[in-house]
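Participant: Listed below, chain by chain, are the residues.
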Amino acid sequence: MSSRVIHKHSRVDFSKPLSFTFDGKIYQGFAGDTLASALLANGVKTIARSFKYGRPRGIVGAWAEEPNALVQVDVGARTTPDLKATQVELYDGLVAARTSGWPSLAFDLKSLGGRFSRFMPAGFYYKTFKWPNKFWPIYENIIRRAAGYGKSPIEPDTETYDHKHHHVDVLVVGGGANGLLSALLAARSGLKVLLVDDQSELGGYLLSMPNVTIGNLYARDWVAKIITELSNSPNVTLLERTTAFALHDMNMIQAVELVQDHLPHHERKPEQRRERMHRIRAKQVILATGAFERPLVFGNNDLPGIMTVSALTTYFNRYGVSCGKNAIILTSNDLAYQGVADLAEGGMNITLIDTRANINPLWAARFAKLGVTIYPGYGIDQALGSNAVTGAKLVKLDSIKMSASINCDIIASSGGLSPTVHLFCHDGGRPQWKDNVLAFVVSATGRANAGIYCVGAVTGVFGLQESLSATCETITEMLAALNKKVESDDLSFNTDEINCSPAHAIFRIPTTAKAFVDFQNDVAVTDVELAVRENYRSIEHIKRYTALGFGTDQGKLSNVNGFAIAAEMLGKTIPEVGTTTYRPAYTPVSFGALAGAHVGDTFEPRRYTAIQAAHNSRNASYETVGQWMRPWYFPKPVEDIHAAVNRECLAARNNVGILDASTLGKIDIRGKDVREFLNRIYTNAWNQLAPGKCRYGLMLNEAGMVMDDGVTACISDTHFLMTTTTGGAAGVMSWLEKWHQTEWPELEVYMTSVTDHWTTAALVGPKSREVLAKLCSDIDLSKDAFKFMDWRDGTVAGVPARVFRISFSGELAYEINVDASYGHYVWEELLKAGAEFGITPYGTETMHVLRAEKGFIIVGQETDGSVTPFDLDMAWAVSMKKPYSFIGKRSLARSDTARTDRKQLVGLLTDDPNFVLKEGAQLINSDNITPPVPMLGHVTSSYYSAFLGRSIAMGFVIDGIKRRSDEGNNIVYAWADGKAVKVKIASSVFFDAEGARHDV
Amino acid sequence: MSNLTFNPVMQSPLHHFNLKTKQQHVDGSKGVWANEMPLLGYISLRGNAQNALFTKAAKKALGFALPILPCSLISTSWGCIYLLSPDEWLLVCDRELRTELQQKLEAALVGIHSQVIDNSGGFTTVFVQGKNASDVLHHCTVYDLNALTIGKVVGTTFGKTSVFLHQHNNGYKVIFRRSFADYIWRYLERSALPYDFGIANLGSS
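Those protein sequences? They're chains B and A, same order as listed. The first sequence begins at 72 in the working numbering and counts up one residue at a time. The second sequence begins at 619 in the working numbering and counts up one residue at a time.
Simulated from the structure, these hints should not be mistaken for lab results. Just so you know, these numbers come straight off a predicted model, no measurement behind them. Please note that a few of the clues may not be correct.
Said to hold, decoys possible - List of simulated lysine-lysine pairs, DSBU-like, C-alpha gap at most 30 Å:
1. A:722 - B:263
2. B:235 - A:678
3. A:640 - B:235
4. B:263 - A:648
5. B:235 - A:770
6. A:678 - B:743
7. A:770 - A:722
Modelling step: build the complete structure from the supplied sequences, incorporating the hints.
Facilitator: Here it is, written out as structure tokens:
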């Protein structure tokens, strides 16, 4: 490969060639390459087409700042859109493709529009597609198709991801010279240190400037020495390929590690993760995040073949890639010079254009030796070329006089460094403009109180020797605050750098050609100008109007230039304009990493009862209640839900059914004041309930609204067992503790959840007594000895059991509670015993139908937090005479809750017995739906009752209780699916109002 | 009716994973080993630690004083006592000892405001050990395991649910509710995958 430069400092292994595909064409690269370096080595200049104008674009940067080279990597389920080619490590067999340019990179349709770009300024979309209003959906459709890059995978992800939590004394973000030094000093003091770095190898920018020496060691050897010491320290963890993308309050940092994406497919291990999210809680955070070089803005500065000097240098030094033979370097500062010298020494023909009239004489002498042509006091008016750069037209800056054009095949520019202040700013920190370095910088120790220290280029100290010394001071200060001493005597920070002369405060070179500030969003200088002309004053508004700093690069290259240009146009200083807000994530994070292990069967806790295996073996279909997986119904072959539920209902009404009721919350409450406690918690009275008896209770919140219900049993005068709804259990437990601990600590009660301890099987139906009798010899099951709403201790199938004679179906029923360890066993014994009676397991759907036939409410279905017991027609469950107020009592006396024409729960019957109303249907007074239609209420529960041979429903109707018995005024209409269906208001107890069936 | 005979069978919360059939002798081949310690006895105890009558009676019944420091546990001749909250303890013992222990405690606490409950059906314990045990748990919980010193038990997160966690024999014990067992075991298995996961012989706990 002609543009490869083999030199000893290159980090690419030329003995390991790799082949890869880009846009369908096969290329060669080497181990250690990025996709970007390999493409450049293969002479691929155009990698993308621009967002708005379809202009050809090439690689500009070498790291996370790259705005153009967004690529689609891999295919099928593994495909990932919008990776920056500069961050994709090359592996053998890598397949990548462009994400823009249609129909091809060589010819993009959008580029036709781009020729009329002066008609597409900032705000173009807002202004153009405003009229007519109704056409917006069409415009939006077209614009959305034209916008965006890449394609999301459509297959399910075959890779796995996870999260890992870390707790460390010191987190160092960034593995460059200053990050490594910080980690070393912290590690030597014995602190637990974690260092994260986003690159494939540690060293940061030292990997790009290998000819620099630190303490008589080449940079590379200096890095290697420190890494060796860190690797040998048991208190240090080094994480490469790990990007810290967010810093939150209390120094919680999130970082994502690319675990396997750099490996060829055959080397990736299925048991390993693709990406891992690290959640790091650090006592001290050291931000050694460095800086990105920003380009200078000049005409046609977006042509392929134009990049930053640091990128050009990096491709040459680190990757052994010469991006051109004849380079024009445009700079406003000395920081670019070391790279220029390296390039010239490497054989590149260099024309150096410095915007400053005076060149640092030490550098001038060195460049003279290297044959570098220098144009002091010049700039580039515009780059020349159509699809790639072929030259540049120079301009003398003090006179704005055009000069001759120079041919070249690469242009690199440097406008100075922009510190990577993102993480520092995520939790509210703000960067400060520092004029002497022309950068927004952060304070080294300004946030030491919060445990945040900053070192290196992010603080605006750009010289290597100077920054290493400053880092040593900062870490010494940090360690001193922790009563630790720094051990740095063996370290020398002397480098062979040439001292910098002051940089030139210049961000753009005035030109009549199109000059881009933000490449990813096609924001030109003229767009910022227009925004200011249209009176956008705040940089936040200018950003949103122009899209400056949007996109996957978040303006890492463009922001500071944009701020400076806006300042110039607003007639303000740069610090007066300030910055936009830096928010997480620093770089894009995949959904897979964010989800981690919260996918598939560990997406959400699934709570199971001890009988789960039995339900599985009987083909249960499940529904989620809270987090519980409850059997919904048990379809036999060819049965649908309706057929199964009809069969289950009839079995329970005519013979015997069995329901797993283990999920209901169960709270054991003890103490001498337990009755009084229940009096206050429930609406009804608990003083008289004798041991051996149960009672139904309603629980209200302070507003007087029903929040839970259930049956509570008196075990002894000082011991009760409360049941709650399945979904409400945890809330009720907290509710009881809260009231006890905060309001009534004087009451002697303790409460403990026993929900998981008990398995509860509800044996339901006329044959239930006979079934139970086969398994239970020590409880007298006769009607008079074991009455409805009694409970008894005994054994069932040889297991100690507590049996409740309670019923949520209106049938004779027993709820058998045993230690859950025996739950599965007892369930199977019950089914065996019931076989001769056709015992039928049923699920929640049948449970719902059975209870609705009897008009029993379900909290959460008939209630929604706005329903009082009176609204439910359940005044019988409220005792207003208790000496101590119960929770919610006072609210029941409010004028709004006390009025008699609230929405009230009633039964609803359709004319057509086979028509099942839609749950949620609005109830209205007539079938005339000309607006406005007063809403009377809605249907809360609706089923087909096989036992009654007709549909039944419950719902709320304004003044429903009165209307129920008011012939002539008891008709409403249920509105759903575009139809109003006539409904008669009826009692919600659809049969056996006298309770004859359960009292047998 | 009195001639009914039954053979009751108990199942632990992780019964359906058939861990017994998968267990192996623990060696260095896996990064992490775990198994359920099935069917232990669990007694929930609540009472006022400031009430000397209560603590004395409990000590008499249990043979050991209740731990009263926050997040503390003690090992006893019959098992373990965990302090879960300032007025709440969990007693864990062999299942066979549970009835006797509970009866002793109830007898000793007659007339003293307290609560003693058999919760044996409601909990289970998993032990996790091996060179990557804490790595695996750091995928599951936000708690800093370096701060989990011997003698300390914490209630903390595990995935999206919660567990009690303490050090045990160079590894950890994880105690949790029956209904969450399936989720917790699957989450543990998923987290352990990169480290190579083995089902440990129960004797190795």
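Participant: Where does the structure disagree with the numbered hints, that is, which hint numbers, in rising order?
Facilitator: Of the numbered hints, 1, 2 do not hold.
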